[in-house]
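Please build the complex by placing chains W, Y and P with the ligands on the supplied structure of chain U, with the hints as guidance.
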Amino acid sequence: MTSLKTLTDLYRAMLRIRRAEERVAQIYPTDKIQSPIHLSIAQEAIAAGVSLALGPDDHLYGTYRGHGLYIARGGALGPLFAELYAKDNGCCRGKGGSMHMVSTDVGLMGCSAIVASNIPIATGAALASKMEGGKRVIAADFGDGAVDEGVFFESLNFAALKKLPILFVCENNNYAVNSPLSTRHLTTELFRFGEALGVPGERFDGDDVSVVYESVRKAAASARAGGGPRLLEYVTYRRHEHVGPGLDHQAPYRDREKLARAMKRDPLDVARAMVVERCGVTAAQLDEWEAETKRDIDAAVAFAEAGAPPRPEQLLDDVYTGASA
Amino acid sequence: MTSLKTLTDLYRAMLRIRRAEERVAQIYPTDKIQSPIHLSIAQEAIAAGVSLALGPDDHLYGTYRGHGLYIARGGALGPLFAELYAKDNGCCRGKGGSMHMVSTDVGLMGCSAIVASNIPIATGAALASKMEGGKRVIAADFGDGAVDEGVFFESLNFAALKKLPILFVCENNNYAVNSPLSTRHLTTELFRFGEALGVPGERFDGDDVSVVYESVRKAAASARAGGGPRLLEYVTYRRHEHVGPGLDHQAPYRDREKLARAMKRDPLDVARAMVVERCGVTAAQLDEWEAETKRDIDAAVAFAEAGAPPRPEQLLDDVYTGASA
Amino acid sequence: MTSRKITYCAAINEALTQAMERDPKVFVMGIGADDHKELFGSAKGLLQRFGPERIFDTPISESAMTGVAIGAALEGMKPVHVHIRADFLYLAMDQLFNMAAKWRYMFGGSRSVPLVVRAVIGRSWGQGAQHSQSPQSMFMHVPGLKVVMPTTPRDAKGLLLAAIADPDPVVVIEHRLLYDIVGEVPEEPFELPFGKAYVRREGKDVTIVANSYMVAESMKAAEFLSGHGVEAEVVDPVSLSPLDERTILESVRKTGRLLVVDTSWTACGASAEIAALVADKGFDSLKQGIVRLGQQPSPCPVAKPLEDAFYPSARKIARTVFEMLDRRVPEAEVPALTHKFRGPF
Amino acid sequence: MTSRKITYCAAINEALTQAMERDPKVFVMGIGADDHKELFGSAKGLLQRFGPERIFDTPISESAMTGVAIGAALEGMKPVHVHIRADFLYLAMDQLFNMAAKWRYMFGGSRSVPLVVRAVIGRSWGQGAQHSQSPQSMFMHVPGLKVVMPTTPRDAKGLLLAAIADPDPVVVIEHRLLYDIVGEVPEEPFELPFGKAYVRREGKDVTIVANSYMVAESMKAAEFLSGHGVEAEVVDPVSLSPLDERTILESVRKTGRLLVVDTSWTACGASAEIAALVADKGFDSLKQGIVRLGQQPSPCPVAKPLEDAFYPSARKIARTVFEMLDRRVPEAEVPALTHKFRGPF
Ligand SMILES: Cc1ncc(C[n+]2csc(CCOP(=O)(O)OP(=O)(O)O)c2C)c(N)n1
Ligand SMILES: Cc1ncc(C[n+]2csc(CCOP(=O)(O)OP(=O)(O)O)c2C)c(N)n1
Ligand SMILES: [Mg+2]
Ligand SMILES: [Mg+2]
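If you read the sequences in order, they're chains U, W, Y and P.
Counting from 1, one number per residue, gives the positions in the first sequence under the numbering used here.
Counting from 1, one number per residue, gives the positions in the second sequence under the numbering used here.
Counting from 1, one number per residue, gives the positions in the third sequence under the numbering used here.
Counting from 1, one number per residue, gives the positions in the fourth sequence under the numbering used here.
Excised from the complex, chain U in its bound form (with noise of 0.2 Å):
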C-alpha cells in the first residue's frame, strides 16, 4: 500500500501537470509558444507514478511527449515555461522547445522526438548504471507507437542479455498520432512483446496513481537488486488531439467506447478521490495545492515572459562541447 504522504505527493505532482498543460494550451493561441505540444493530460497518473517510484538518482529518459516527467520528477517550471517560449532561459536556452524536455538535475536527461530513438540510449544509460555497480536504476519512457520499432526489440534483448537495470515503462494511450493500436498490431498485448526475449513484461491501469507506483517500485527495485529489466504497459487514453492544445473527438479514427469510458474516469479525479478517501484530504487542502499550483504556474509563465530570446550569435554555441561564442 502507497503510504498516505506518497499519495498526497503524486497527487499534487499529477495536479502540476494538470494545470500547466492547461496552461499551456490556454497559452498555445496566442503564438507565444511557436512548438509542436504534446499534452500530457489525462496520462499524469504514468508521469507521476514512475517519477516518484524511481529514485533520485535514477535517470529518466522520455519522448516529445515530455511535460509530465519534466514536471512530476521536480523540474523547475520557469525553465519549462520559458523553453516553450523558445528563451535562453528555458531548460534547452531555446534550442530544443516542447519536444525536447530535459532537467538532468532531477534526473530527466532528455527527451527525444524520434519515435523509439531514447529506449536504446536508456538502454546503454543502464549498461552505464551496471558498469558502475549497478545501484542506478533506468527508465525508458515512451508509447505504444515505440514498439513498432525494431530498436525496441533490439534494446530489449541486450537489456536481458546483460540483465540491465532498466524499466521499459509504456504509456499505451492507443494511438499513435491517429493509428489506433490495432491498425499497427494484430496482437495488442505488448507487455508481452519481450517475454520471448526475457524481460519478463505485465500489464497495469494506467489511470490509477497508486498502482503505477507500486508496480514501478515493485520492479525498480528488483532491477536495482540485479533482477534484470521488466517491461511494463500502462493502459491509459490519449484525450487530446496527438499534437496542439486542442481536443478531436469527433475525429474519424476515435473509439467511441474507449472515449466514453476515459472521459467518465479521469486519471486525476480518481487520485484526488483516493487523497480525499484514503488521506482524508479536506477540500480546503485541495483549494491551497490548486493556489499554491497556481501560483507557480504565474511564476513560470512570467519568467518565460521575462525571458530573453537567445541572440543570434548563440547559433553556433553548442553543437560541440566548449564551442561557444
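Hints in this document: simulated from the structure, not taken from any laboratory.
Ideal Cβ placement from N, Cα and C applies to all residues, glycine included.
Treat the hints with care, as some may be off.
Part of the chain Y face toward chain W, derived, beta carbon under 10 Å [claimed, not checked]:
#1 Ser-61
#2 Ser-63
#3 Leu-74
#4 Met-99
#5 Pro-114
For chains W, Y and P with the ligands alone, kept in the frame of chain U given last:
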C-alpha cells in the same frame, strides 16, 4: 509421410549442393574464386527441404550463404560457378559474386549480404502476392544472426498484421560468424520470437530433410490458404568456418559437444540412409547419382572457366534500368 | 492540355489519383497515410476512391516498411512510400542504400525496383533538430537512386508521375512550406523528365542555383536585386540526380558568377556538388569564386532569432550577391519572405 | 618519445590498449569484438588484459547498439563502437544523425556524447556492393559529428587516442587495405589534433588532395609523375570534419592546380566538399578547373576488370594529372599498386 519420389529428389538436391560446395572449396586455394564464400555444407537439408516443398511459382529470398538454395531450387550450375569466377556468364554477370546468388527463373529472387536485410523485402514480396490473390508463397531464409536485427521483428509484425503468405525460415546453425547464440540472446527459443506479435513458430530438426520438407509443406499450404505467416526454426550446426573453404574446429568459440554431435550426424548421411532404407535405393543407383552430379559440376566448372570476364565498358550497365554500354 | 492554378499539395494529390486510376499496381503506404489528415491533404480522397488495399497506414517501422516497399516493387507493384518528415529516412538508409540502390546492379540486371519514396522537409514552428532535415545529398551520393525536389505545383505533379512511371527507385523530397503555393498545372496526366533544370528567372549578372523552397527565397532576393540594378538568373535543378549539368553550365557561361543555395547544410551537400561541377567543367566561365549558402553548421534550433540565423533567406542571398559583386549593400533591406506556416504539421 | 615501426593495425591496437589502461571508463564493443579474430587483430589481447566487461561482443543490432553506446557515453563512459564494415553504419544513421550529433545542442549544452565509432572500409576479393562503401561524406554533412580517416600508423594511433579523449562523437573510418602498412609510431600515448592536414609529399606543379588508401595510390602516382618531370604535392586532410582548409588552400596557392581523390563516389562526396572549398576561397590561386576522382557512379562490382575500372588508382591519377597539364601521357604506364589483401576479411 514424404513420398518416395520426393525423398529421392531431396537426397539428390542435397548431394548436388554438397558436391558443388566441396568443389568450390577445392578450387578456392587456386584463387580462381576471389569472393568471400559461405558454404552451405552440412545445412543442405534445410536448403533442399525448403526449396522442394515450395511450388515452382513460389519465391525465395536468401542470404550470402546462398549456394544451397540456388542449387536446390534447380538453378543452373554453370552460372553459379561462373559467378564465383566473376565471369560475364555468371548469374549476376560477374557483378555480385558468391554472396549474391540469384536465379529468378527458379524463384530465387536474390541473396543479400547484409544480415536480415532480405526479410522485409521478402515480406514486401508477400504483400505483392497477397494483393494479387495470395497464391504465391514467399520464403525468407536467414540465419540465427538475423533475429538480432530489429527489422526482423518489424517484418514479422507487419506480416502478422496483414496475414501475409510468407514463411520465415531461420537456419539456426548456432553461430553468427564466431558468436554463439548465447552471447547474443539470453533466451534461445528463436521460434518463439514472433509469438507475441501473432506469428506462430515451431522448432524442427534441421538435419533431417524429410522433417524440413514436411514442415515447410504444411506451413506453405496454410499460408497459401490465407493462414498467415509462420516462423520455422531449423536447428543445425555450422561445420565449416563462417567464411572460407576450411574448417576451424579448434577455434575457441566452438562448442565441442555440439560439434561432436554434428560431426556424427551428417544430414547428407541421414538423407542417404533414408533413401536406401525407405526407398530401397541401391548402391549402384547412389553411385550413378554421384557420377551424374560430378558430370554436371565438371560441366559447370568448364562453363565458368570458359566464360569471359565482363568488359570494363560494362561497368555502368544496370545501375539504372535500360542504361547499358 | 487544359491547365489551371492549383496548390502544390493538390498537384501531388492529382498525380497520385491519376497514377492510381491508370495503373492498379500503384499503391500508397506510410505512417498515417489513411487518416483524416490525409498526409497534409496530399492523399485527399484516395482512401474513399481506391480503398484500404491501395492506401494504407503502416506500423512505425521505417526500415522494414521500406523493405516491404522494395519487395513489392521487385515483384511488380508500384509502391509510393510516404514519410511526413525526411528525418525519418535515417531509419531506412540500410534498405535504401544497401538494397534499393543496388538490387538491379548487383544481380546483373535481374530485376528493377520501381519504388517511389516521398519525404517532406519540415521547417519552423519549433520543428527543431529532428524534424527539419533535408537529406538529399546523401541520396545523391549513392548511385542507383534518382532524387528530385519539386518546387512548383507543376513539378510536383509531373515529377511524381514520372517517378511512379520510372522503373528505378526515385526519392521525391517535398518541402512543407511549398504545400500551399499555387501555380499552373495541366489537368491531364503528364510526366516531367529527370535531369532537366529550369531557369526560373533570367539574368545576366550572377547565377543563383537554388532548389525547393530556396527558389522562393532566391526569387524574392532576385526581385530586390533587380531594383538595385543587379539581374540574377535563378536556375532550379529540380532533378538532383541525374543533374542537368548543361543548363547550369550555360547559365554560368552567361553570368560568370555562381551562388548556390540549398535547403541543407553545405558540407558535402547538394550545393557542394553543384559548386564542384562548375569548378571543373565551368571554370573558364567563372569571373570569381563560387559561393554557397545553406543551413549554418548546427542542428536546427527552435527559437526564432536562431532559426533566422540558421536558414538561408532572401535577405542573406541578396547580401551575398552584393558582396560577390563588391557592391555596397543598399540601405533598403530585402524584405524577409513571410511564410504563413503555423502549427506543427 | 621513442618510436618504432609498427603496422596500422598494431597502432590501433596500441591506442586502444593505452586508452583502456589510462581510463577505466573506456570500453570496446562491437559485433565479434571479443572473438579470436580480434577485429582483424586490432583488438589483440584486449580481452585477456581488460576482461569481458570492457570488451564485448554485441548482438547484430547496429541501431540499438549505437544507441547503447550513446547512452553509455552520455552517462560518462567512453565507448568505442566498432563496425568491421562501414556499410553496416547505414543501419545506425538514425542514432548517429538524429541523436548523437544533436544531443548536446538540442538540450542546450546539457550533456556531451563522448562516443567513438570505428568503421572499416572493405575492398576487393569480392566484397561487392554491400561490403565496400565509404560513407564519410554523410558524416561530414551533419553538424555535431567529427570525422577522421587515418592514413598512416601514426595517424591511426594519434587520432584514435584523440577521438577517445574528445568529448564529442567522432567517427573514425579506417581502410582494410591499410591495416598491414608499416610506419613510425611513438610508443607513448599521444594525440593528434583534429582539423590538421598533412602534406605527404611536396611538389610545385599540382596539388593532389587524397585521403585514406587514396594517399597510397596518389603517392605512387606522384613518384611516377616525378620521373616524368611533374612534381605533385600530395595533401592528406586526415581530419575531414573539421577540415584543415588552410593547408589545402596554401598548397593550391603554390601549385595553382587541384585534383581531389576520395575513396567514395564523387557526387556530394568529400571530394565535392574540398573542390567547393577551393572554388570559393582558393579561386584566385587556380590556373584551371578542379578535377575529382572517386569511385565510378555504380555500386561496387566484383569482377576484377570492373573493379579496376570502378576504383581510382595510381594509374588513373597519373593520367588525370597529365591531362590536366595538357601533356601527352607517356608510353610507360604507371605500374598498378599491388595490394596483398587476400580473403574476405
Ligand atoms: C521514427 C519516427 N517515425 C515517425 C514519427 C512521427 N510521429 C511522431 S509521434 C508519432 C506517434 C507515436 O505514438 P506513441 O509512441 O504511441 O506516442 P504518443 O504520441 O501516443 O505519446 C509518430 C508516428 C516520428 N516522430 N519518428
Ligand atoms: C547488418 C550486418 N551486420 C553485420 C554483418 C557482418 N556479418 C556477416 S555474416 C554475420 C553473421 C550472420 O549469422 P547468421 O545470420 O546466423 O548466418 P550464418 O552465417 O550462420 O548463415 C555477420 C554478423 C553483416 N553482414 N550485416
Ligand atoms: Mg500512443
Ligand atoms: Mg548462424
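To see whether the hints hold, each was checked on the structure:
no. : hint    : verdict
1   : Ser-61  : 4 Å, holds
2   : Ser-63  : 5 Å, holds
3   : Leu-74  : 7 Å, holds
4   : Met-99  : 6 Å, holds
5   : Pro-114 : 9 Å, holds
Of the hints listed earlier, there is not a single one the structure fails to meet.
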